[in-house]
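Enquirer: Listed here are the chains, written in short residue letters.
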Amino acid sequence: SQQGEEDPQALSIQEGENATMNCSYKTSINNLQWYRQNSGRGLVHLILIRSNEREKHSGRLRVTLDTSKKSSSLLITASRAADTASYFCATESGGSYIPTFGRGTSLIVHP
Amino acid sequence: GAGVSQTPSNKVTEKGKYVELRCDPISGHTALYWYRQSLGQGPEFLIYFQGTGAADDSGLPNDRFFAVRPEGSVSTLKIQRTERGDSAVYLCASSSWGGGSTDTQYFGPGTRLTVL
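Those protein sequences? They're chains P and H, same order as listed.
Residue numbering for the first sequence follows the numbering used here, starting at 1 and increasing by one per position.
Residue numbering for the second sequence follows the numbering used here, starting at 112 and increasing by one per position.
Don't take every hint at face value.
No farther apart than 25 Å at their CA atoms in a straight line, the calculated lysine to any residue pairs in the SDA-like style are these [unchecked claim]:
1. P/K26 x H/G151
2. H/K122 x P/N38
3. P/K26 x H/S169
4. H/K189 x H/A142
5. H/K122 x P/R103
6. H/K122 x P/A85
7. H/K122 x P/S39
8. H/K189 x H/L150
9. P/K26 x H/Q152
10. H/K122 x P/R41
11. P/K70 x H/D214
12. P/K26 x H/D168
13. H/K126 x P/R41
14. P/K70 x H/Q152
Which stretches of chain P does chain H cover? Using the computed rule of at least three CB atoms under 8 Å from a CB of chain H, they are [to be verified]:
15. 43 to 49
16. 94 to 104
Worth flagging that the hints you see were computed from the coordinates, not collected in a lab.
Don't be surprised by glycine CBs; every beta carbon is placed ideally from N, CA and C.
Chain P extracted, bound-state conformation:
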């Protein structure tokens, strides 16, 4: 079963625009992570936000977390063609350190 659900499923933008992806989840979490995946292969960890944090930044990435709405967003600013990939949110809940992944958002950035 999948805890997080990303929205939209697919996003197509022009280079230079911002890309926003959302993740909603069902149960209380310890933390939420965002991953990137190119070409259906290995995932790369982007950023982790703890349940007591509201916003984190890493380079062109900005992640927010609203635990009252059980949702998170990933913003990529000034997108580049190289940002084309699938982006997944993953949540950890309770005493488990096993992340549960959503279905992902497929982002295409046109040069």
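Based on the hints, put chain H in the right spot on chain P.
Expert: Frame of chain P; chain H shown alone:
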């Protein structure tokens, strides 16, 4: 150093056959995870090793799936009597200690298994 490696990168087999998928974690990482990813889905947890022992195998779908990590490093995922529904990308990840939520998992490139 080298990242997580997985072999083979692609495996095509026939229904009913036995397959083994190998994962070489980052040197020194005590935690190792196996996931399965079907087309259009996120990775689905299968099993987690802490050292040589399986700390959590709750994600294994049935008894045709088995994994070992005899020396606490390389791991092998074994699938008996393969079925067409087993076709997926099998991902392996390792982390330095696996005991905390801030322990980043590093993923390998995956093995694409196709069962004909």
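Enquirer: Compare the structure with each hint and give your call.
Expert: We went through each hint and held it up to the structure:
For the given pair, P/K26 sits about 21 Å from H/G151 by alpha-carbon distance, which is consistent with the 25 Å threshold. Restraint check for H/K122 and P/N38: satisfied, since their Cα atoms lie roughly 20 Å apart, inside the 25 Å limit. Using a Cα cut-off of 25 Å, the hinted pair P/K26 and H/S169 holds, with the two alpha carbons roughly 20 Å apart. A distance of roughly 19 Å separates the Cα atoms of H/K189 and H/A142; the hinted pair therefore holds under the 25 Å criterion.
For the proposed pair H/K122 and P/R103, the alpha carbon gap of about 24 Å is at most 25 Å, so the pair holds. With a C-alpha separation of about 24 Å, the suggested pairing of H/K122 with P/A85 holds against the 25 Å cut-off. Annotation: proposed proximity of H/K122 to P/S39 holds, straight-line Cα distance about 17 Å (limit 25 Å). For a cut-off of 25 Å, the pair hint linking H/K189 to H/L150 stands: about 21 Å separates their Cα positions.
For the proposed pair P/K26 and H/Q152, the alpha carbon gap of about 18 Å is at most 25 Å, so the pair holds. With a CA separation close to 14 Å, the supplied pair H/K122 and P/R41 stays within the 25 Å bound. Distance hint between P/K70 and H/D214 is fulfilled; the C-alpha atoms sit about 23 Å from each other, no more than 25 Å. The straight-line distance between the Cα atoms of P/K26 and H/D168 is roughly 23 Å, inside the 25 Å bound, and the hint therefore holds.
Taken as a hint, the H/K126 and P/R41 pair is honoured in the structure, with Cα atoms around 24 Å apart against an allowance of 25 Å. Distance check on the hinted pair: P/K70 and H/Q152 sit about 21 Å apart at the alpha-carbon level, within 25 Å; holds. Figure legend: the stretch 43 to 49 of chain P, annotated as covered by chain H; annotation consistent (4 residues with Cβ-Cβ distances under 8 Å, at least 3 required). Given as covered by chain H, the stretch 94 to 104 of chain P passes the check, having 9 residues with a CB less than 8 Å from a CB of that chain where 3 are the minimum.
Checked against the numbered hints above, the structure violates none of them.
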